[in-house]
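Colleague: Chains as they are written, first to last, in the UniProt record's numbering: chain A, 1 to 539; chain B, 1 to 199.
Check the hints yourself; a few may be wrong.
[Claimed, not checked] Some chain B residues well away from chain A (every beta-carbon gap over 10 Å; in silico):
1) L37
2) G45
3) Q50
4) Y55
5) K110
6) P117
7) S130
8) V152
9) M160
10) K163
11) L183
12) L194
13) Y195
14) Y196
15) I198
[What the hints assert, rightly or not] Cβ pair distances, simulated, as ranges:
16) B:L64 x A:V339: 58 to 68 Å
17) A:G316 x B:F111: 34 to 44 Å
18) A:W121 x B:D52: 53 to 63 Å
19) B:L186 x A:I434: 50 to 60 Å
20) A:A481 x B:Y104: 51 to 61 Å
Note that these hints are calculated values from the structure, not bench results. All C-beta atoms in this analysis are idealised placements derived from N, C-alpha and C, irrespective of residue type, glycine included.
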Amino acid sequence: MSQQTAMAEGGFWRDTGKTGIGAWIFSTDHKRIGLMYLYCVLGFFLVGAFLGLLIRLELMAPGPTIMTAQTYNAMFTVHGVVMIFLFIIPGIPASFGNLVLPIQLGARDVAFPRVNLFSWWLYAIGAIIVLISLFTGGGAPDTGWTFYVPFSARTTTNVSLAVFGVFVLGFSSILTGINFITTIHRMRAPGMTWTRIPLFAWSLYATAWVQVLATPIIAITLLLVVTERILGLGLFDPTRGGDPVMYQHMFWIYSHPAVYIMILPGMGVISDIIPVFSRKPIFGYKMIAFSSLAIAAAGSAVWGHHMYTSGMSDLGVLVFSFLTFIVAIPSAIKVFNWVSTMYKGSISLEAPMLFALSFILLFSIGGLSGLILGAASTDIHVHDTHFVVGHFHYVMFGGTGFAFFAAAHYWLPKYFGRRYKEKPAIVGWVFMFIGFNILYFTMQVLGMEGMPRRYYDYLPEFARLNFVATVGSWILLTGVAIVVWNLWRGLFTGEPFTGNPWGGASLEWSIPTPPPTENFEEDPVVTHGPYDFKGVGVP
Amino acid sequence: MSHLEKDSFGAKLGMWLFLFTEMLLFGGVFILYSVYLTRYPKEFGLGGHQLDLVYGATNTVVLLSSSLLAAMSVTAIKTGAKKLTLGLLSGTVGCAFIFLGIKYLEWSAKFHHGIYPNAPKLIAGPPGESIFFSLYYLTTGLHGIHVIVGAVLMSWTAVMVHKERINVTDNVTLENVTLYWHLVDLVWIFIFPLYYLIL
Ligand code: HEM
Ligand SMILES: [Cu+2]
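If we strip away everything but chain B, and leave its shape as in the complex, we get (with noise of 0.2 Å):
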């Protein structure tokens, strides 16, 4: 097959291949985190307690609505409605927005009460706790990178959208970005147990 043409299956397949690679990325930190529960059950579990369960489960609905708005633009853009499209877009970034806007909060309360990488407090404490807040805050740090990098690409797609060149024919690119959304969607639905549910 000559690159002439274009082929769609081929895109998926390479994009499918890429979503592997950042599983595994935070497959590592699992790895981490799974060692280290084993090790210090008690602790993990009172650091569990002192999440904000409130921000957590708000944050995974929004999340989990935002991939469904995901969706539904391909779908849209497969009918060719474009500004049905562009409206389902637009609510995705937004999602993403108040994701971010609880995350900021989440942060924020937590370092004024002095839990925050490296901090005094968690030093003095038991090992095991430094330890759960520092993969807390790594995870959830590396999944709102993810969120920034994902509400970028939705936004260019919107872009490309409105300039038709993504479009009734030719949308692997929309679907692909909303797979690597579904993948940021994905990971969050297992840090929210493993952090903010446990035990």
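Chain A on its own, in the form it takes in the complex (with noise of 0.2 Å):
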């Protein structure tokens, strides 16, 4: 890798037997698999971005634009899936979550690091399997990330190949969770007591949980939608006997935990970040922790809000539309905490910071447009409308996706001993902000004056709006533009990042820049609190 020469001296980047590649693909130490994660989340990232962009332009005005509406269909699709299951479900708890979580609790490795690396091996063959099946067989597949049956069992677009990926990326997934539960288990330094967890490393033990105990169900859900296109086996085709509402009951008992495998690290990573640029101990420190593993909880048990519609018992609606309000309650603990922290503080607002920030006001839009989807009454009225597309945009988008970039911002620095620029970082998040906005708050107002999602044409009515939301993916994909590059640049060629330049006060920062291959020379005895700034150096 030539881009090693240019790394500032020494750290991991430096240490190793191997050279070229394979120094990377056969590497088991976390730092170098959460690089690697890290580039192919990013990749799959701007893939998405740009697919989204060509929906968008699709969408600009009524009528045919750029596209059929077949290929409209499989755009979609592809884009859901590629942004579930390739960016967002790896993507803080993979890349971040390796590089991070065993320097955050003293410890020079995650406890079984061979099946670390056989998770990014799994993750990169179900993406290649995903990228097989959008350009073989019948066709890139066109039924939504969701795969609905029946639709699902009958295309004859690349379905199957294209669940099988999943599977993959599923099993991928789980061996993650389980390395990072026994890793907080058994592999704290001393002194490092459950109550000195940094709380990015608590939110990710939650996400792991939800990874190891969902997962299993979409697993035996996808292979039974290819057992239904291969064998027909009629478990979910009612002329069979089946049923295919069974089919949503499973996905969803998956997928809604899933979205809390999506937010929580990104929670994460705001309760790690606000409290270093407020210079502040993070305000309830156990309710935080605390509220990661109440979320995952009870967000286990509200799968059925995505069914209000589809014929369940008015009792069944009624229990799932009260047990969605109760998770919002540790979500707006998490808000009210970030907000105490940051009251009376010295806040700096350098680019993590001010990624942080956007990220609770995003999210705390998404997570109120989400209670007018949890009240049975006003989600009939919006369910599968545009207003749907923008709740789940500002939360995975605006919180976990903002999140991301002010983990990158904030951590990546750390581990190639270069920095990205100030001022382009902030120009670059102020177009996304904007841009964000406009694009998907437009999408709501739509999706309130009754536009469907899903749709390749509509209503001169939303003629004007439409125009309004492509406009703002523009000025958004502009700032990722600016943002990526700018990382891009920085960390490779960007002023050197020594020491503890953000005065952090978890393990991370008392090792030295870029960290070495071991992490500790000598394993750390923890004396204080991930958020105790007492005597560590203001910059």
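Bring the two chains, given one by one in their own frames, into a single complex with the hints.
Modeller: As structure tokens, then:
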């Protein structure tokens, strides 16, 4: 790797027996594995974002604009599959989790380094299978990322292969979860009690449990779709005595908790960044840690809110609606605690903090619109409209996506020994933030007015707002391009980043930059909490 | 704790977590089973009667014995009895083959009678019956794949024992593979009454 020569001296970049690409794809060092995930995940994000741009271009004006209806169906399916299974689920846990978790715990690696490498291989293989499925067989899947039966059992596009790829990705996710749970239980340095674990690690712990307990359900559900297509089992086919709504139940028993696989690590990132850039200990440490577990637990019981309109019993609707409102409580606790942490803090508005602050705002908008969807009465009105699309982009992109970039600006300099330029980072952020709101807030308005989602064409009265949303997507993607380019260039050729410039108090800031292969020369003994800034040099 | 020392407690913890995910995987099928059972109790009963109790019972005994042999191999390796361990492991793998052989006989007899996924006879029959046999093939097929995986793992551990990479002091791998084998057994303990003994 020629990049290595451009890298700041030393650290795990240097220290290797093997050379070339083999030093990476066969490495069991958690930091290298984390970076490999990061490159893949970022690559897929850009691919997915490009597809999102194309979808928006098609919707810019009524009638056919740049593609056929069939292509449009494939486009939003592939956009959804790439963003969900290749970007956001592995996004923060697999990349930043791998990079940061062992060091935050004071360990030299994860509990099972070889299983960790195997997870990455499974991720790569699963991704390749998904990519192959786009260009072979009957063409890219056109079912939407939810693969709802009966359409997914009947369509002639390449659903079986895509679904199998997702199955492999699920296996990778399970192994990462098992690895992290074991690591957190077994590898903590002396003195690293449960109440001294940084909140990012806590959030990964809750996430890992969801990964372990929910992913097997999607695995079996996806296998059922494949058997349905290949063997014609008829388990979801009403003409054969099966029940398509059973598919929806099984799918959402996984996929709703999976929403928390997506958002919890993002919340963890924010909980680590806010105190550092406010120079104040986090407010309500225990409540934040506990609320992660509460979200993981309560979030497993609300899947039915996706199916209010599918003909569930009234009692079912009532119960699921009630449970859905309960999940809002622990999320709100976190938001209150972040805001309280900043109160009277000496806030420095550098790039990681800007992304973290916008996370709080965008996630809150997403969460509040989630309550509109959680209440059955209002959901019936906006179900499967652009309101839903706006809602989940606020949560997933405005939440986790922005947290991903916050984490990138906060931690990556630590691993590269070089940093990005501050000004372009802020300019990029401004574009992203403004474009984001123009795009998705408009979508929510469109949904309120009745524009359905996954529709190729629409009535003329929706034309103006759709045009506005499309312009928003251009601004947003301009911002993304600036941010990614600035990070990329900065990390490989930017100014040196040494010591502890942010003034963090968790363990990753106590070791050299970039970290050596073994992380710690001697196993550390932890004597203070991760947000105890006394004695940590103020930059 | 650094990764330089071997943490066998950690290894077992990881394995247990993995076994939970396997149980949940089968749990998905069992959820479907219970929903469709309440919908078609009569057809499920009739379907169950068409399965061969002798094959099913024999296979239950075979799997239980294999689990016993596997458990004994763990005790054997801890006393350092390498030959005995290898013998017991071969016994386990042998049982796996017997199980798969019987399964083969069973399935082919059913196929012969025109009962297989998507068969015209099932499509023409009452919907509940088709669902029952679809679930039957699905569950036993998935279980069969696990038997094959288990047997491969068992054989691989035997090679490791032979090479003394698994030995008196370092044997957590054997323990973990045995745990996996117990899971395969356990799942069958659910399958047998649900499909063969129902009503
Ligand atoms: C970067 C700019 C992005 C743009 C311009 C964009 C745009 C869109 C559009 C227009 C749709 C289709 C709405 C419909 O007709 O139903 C859509 C769907 C979707 N997007 Fe995005 N999106 C972007 C980023 C993301 C991100 C970051 C994620 C996830 C982390 C994401 C996840 C999804 C999902 C899951 C769907 C649903 C697909 C389906 O209906 O099957 N998107 N997006
Ligand atoms: Cu949900």
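Colleague: Hint by hint, which ones does the structure fall short of?
Modeller: Going through the list in order, the structure violates hints 6, 7 and 18 and respects the others.
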